[in-house]
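As they're listed, the protein sequences go chains C and B. FYI, the numbering for the first sequence is 1 to 240, going by the numbering used here. FYI, the numbering for the second sequence is 1 to 240, going by the numbering used here.
Do not rely on the hints blindly, as some may be mistaken.
[Unchecked claim] Coverage of chain C stretches by chain B, computed from C-beta distances (three or more under 8 Å per stretch; other residues unrestricted):
| # | segment |
| --- | --- |
| 1 | 9–17 |
| 2 | 147–160 |
| 3 | 189–198 |
[What the hints assert, rightly or not] Derived DEER-like restraints, expressed as beta-carbon distance ranges:
| # | chain 1 | residue 1 | chain 2 | residue 2 | range |
| --- | --- | --- | --- | --- | --- |
| 4 | C | PRO16 | B | ALA134 | 45 to 51 Å |
| 5 | B | ASP63 | C | GLY219 | 34 to 40 Å |
| 6 | C | LEU88 | B | GLU75 | 30 to 36 Å |
| 7 | C | ARG40 | B | SER3 | 47 to 53 Å |
| 8 | C | PRO223 | B | ARG83 | 41 to 47 Å |
| 9 | B | ALA134 | C | GLU119 | 54 to 60 Å |
To be clear, the hints were calculated from the coordinates, so they are not data collected in a lab. Glycine included, each C-beta is placed from N, C-alpha and C at the ideal position.
There are 2 protein chains.
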Amino acid sequence: MASPPRLEVWGVTGMPEVGRAADLAGLIADAVVAQGDELRDRDVVVVTQKIVSKAEGAMAAIDADDPRGHRGVVEAESMRVLRRRGDLVISETRHGFVCANAGVDLSNVDAGWAALLPEDSDRSARRIRDGLRARAGVEVGVVVSDTFGRPWRRGLTDVAIGSAGLAAVLDLRGTDDDRGRELHVTEVAIVDELAGAAELVMGKADGIPVAVVRGAPAGWFRPGSVRDEIVRSPAEDLFR
Amino acid sequence: MASPPRLEVWGVTGMPEVGRAADLAGLIADAVVAQGDELRDRDVVVVTQKIVSKAEGAMAAIDADDPRGHRGVVEAESMRVLRRRGDLVISETRHGFVCANAGVDLSNVDAGWAALLPEDSDRSARRIRDGLRARAGVEVGVVVSDTFGRPWRRGLTDVAIGSAGLAAVLDLRGTDDDRGRELHVTEVAIVDELAGAAELVMGKADGIPVAVVRGAPAGWFRPGSVRDEIVRSPAEDLFR
Numbered sequence: 001m002a003s004p005p006r007l008e009v010w011g012v013t014g015m016p017e018v019g020r021a022a023d024l025a026g027l028i029a030d031a032v033v034a035q036g037d038e039l040r041d042r043d044v045v046v047v048t049q050k051i052v053s054k055a056e057g058a059m060a061a062i063d064a065d066d067p068r069g070h071r072g073v074v075e076a077e078s079m080r081v082l083r084r085r086g087d088l089v090i091s092e093t094r095h096g097f098v099c100a101n102a103g104v105d106l107s108n109v110d111a112g113w114a115a116l117l118p119e120d121s122d123r124s125a126r127r128i129r130d131g132l133r134a135r136a137g138v139e140v141g142v143v144v145s146d147t148f149g150r151p152w153r154r155g156l157t158d159v160a161i162g163s164a165g166l167a168a169v170l171d172l173r174g175t176d177d178d179r180g181r182e183l184h185v186t187e188v189a190i191v192d193e194l195a196g197a198a199e200l201v202m203g204k205a206d207g208i209p210v211a212v213v214r215g216a217p218a219g220w221f222r223p224g225s226v227r228d229e230i231v232r233s234p235a236e237d238l239f240r
Numbered sequence: 001m002a003s004p005p006r007l008e009v010w011g012v013t014g015m016p017e018v019g020r021a022a023d024l025a026g027l028i029a030d031a032v033v034a035q036g037d038e039l040r041d042r043d044v045v046v047v048t049q050k051i052v053s054k055a056e057g058a059m060a061a062i063d064a065d066d067p068r069g070h071r072g073v074v075e076a077e078s079m080r081v082l083r084r085r086g087d088l089v090i091s092e093t094r095h096g097f098v099c100a101n102a103g104v105d106l107s108n109v110d111a112g113w114a115a116l117l118p119e120d121s122d123r124s125a126r127r128i129r130d131g132l133r134a135r136a137g138v139e140v141g142v143v144v145s146d147t148f149g150r151p152w153r154r155g156l157t158d159v160a161i162g163s164a165g166l167a168a169v170l171d172l173r174g175t176d177d178d179r180g181r182e183l184h185v186t187e188v189a190i191v192d193e194l195a196g197a198a199e200l201v202m203g204k205a206d207g208i209p210v211a212v213v214r215g216a217p218a219g220w221f222r223p224g225s226v227r228d229e230i231v232r233s234p235a236e237d238l239f240r
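Using the sequences and the hints given, assemble the complete structure.
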């Protein structure tokens, strides 16, 4: 019998405060070593949006005492507003994500600032992947994650807003099921499941903005991106 | 420095074919031991809907040669149809789940049958949890998972349709962020993230219908359920 598939998921502690133009790959590589771990080929490194936005300077100044300041940034970041209820805006961003407040976030940032979504989170993921290759000599997959709500289900989960070096969606269509019949639709959004698994070791207030998933099968690794594989166009979507 | 949070996720191989009235807890306990593993207190055991439905006899006979046979079962299982496109129906089930084809599934079942969602997946999870306590002497959390699509994002992910013995949603509202400001909304749907993490070691055609997540913090374990914590009522939902 083949040995059962097994993944390890662990948080990277001790990351310093991330400022503009920080070398994220270098900070991650150092923090991993400092906690007695190491990165290996085919690890998946999950990095939260917040530190990517900080490193890239994707921030907007707001008047912290003026609730309309936040709202104005949200409106500016929204391509299209889908729903409003009270202070909550569900909108589509220019990247094609549908999320609360266009991903504009006030938590864990300095007063007077809001964190925006990175301009191109797939590119951010590629940069971190390239940086970890240069810095630690490893070929890893990278996921940039953010915390989104969903319709129909309460609670938030972390999903991928960018990825590099691995399949975003693993296409199992056409694979025989265990009766030898063709499976109808089994396109698994593994980057979203990886982002969610990583969130489980990050918590929200623990200062753990990076996690590593080890044990992914070789077949997961190939060029891939969230924009090309995950973002659904409005024309294809039944709920816009 | 506290040691970094760490989870292990592993698949349970060698589960036999599950028939009606099968003792799922017994089969799981045996399969875990047969592969050289053991269950421990505070493991989370994730069980796919398919084998739960088979064990509970939540199946409907259909004429395999008549595509309308499947459609008829889908209509019968739908409380309310939200969208139709071609053969695809997005509907709300009597449990309050919104999903494709009301969760009616033809893959990995005998020809002439469709698997329905369990009548009460939280109860199913409680039974498995009680069975594992009786059989293996362990206090575990249990998640019953199924594979759902989402609006706005391509690809499917596994989510929880039932749970027992652990928080479905971990409420971090009011916890200070690392700036000492109050976080606005951070209710994390950990059962969905656990279901997704488990899917990563299950694959779809590998005959691995059970996975174990080890390393969950003690604070995750309390009475909880998907119905009470995850299912959003239509009145509260912005997209119905």
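Comparing the hints with the structure gives:
no.: 1; hint: 9–17; result: holds (count 6)
no.: 2; hint: 147–160; result: holds (count 11)
no.: 3; hint: 189–198; result: holds (count 7)
no.: 4; hint: C/PRO16 <-> B/ALA134: 45 to 51 Å; result: holds (49 Å)
no.: 5; hint: B/ASP63 <-> C/GLY219: 34 to 40 Å; result: holds (37 Å)
no.: 6; hint: C/LEU88 <-> B/GLU75: 30 to 36 Å; result: holds (34 Å)
no.: 7; hint: C/ARG40 <-> B/SER3: 47 to 53 Å; result: violated (19 Å)
no.: 8; hint: C/PRO223 <-> B/ARG83: 41 to 47 Å; result: violated (33 Å)
no.: 9; hint: B/ALA134 <-> C/GLU119: 54 to 60 Å; result: holds (55 Å)
Violated hints for the displayed structure, listed by number in ascending order: 7, 8.
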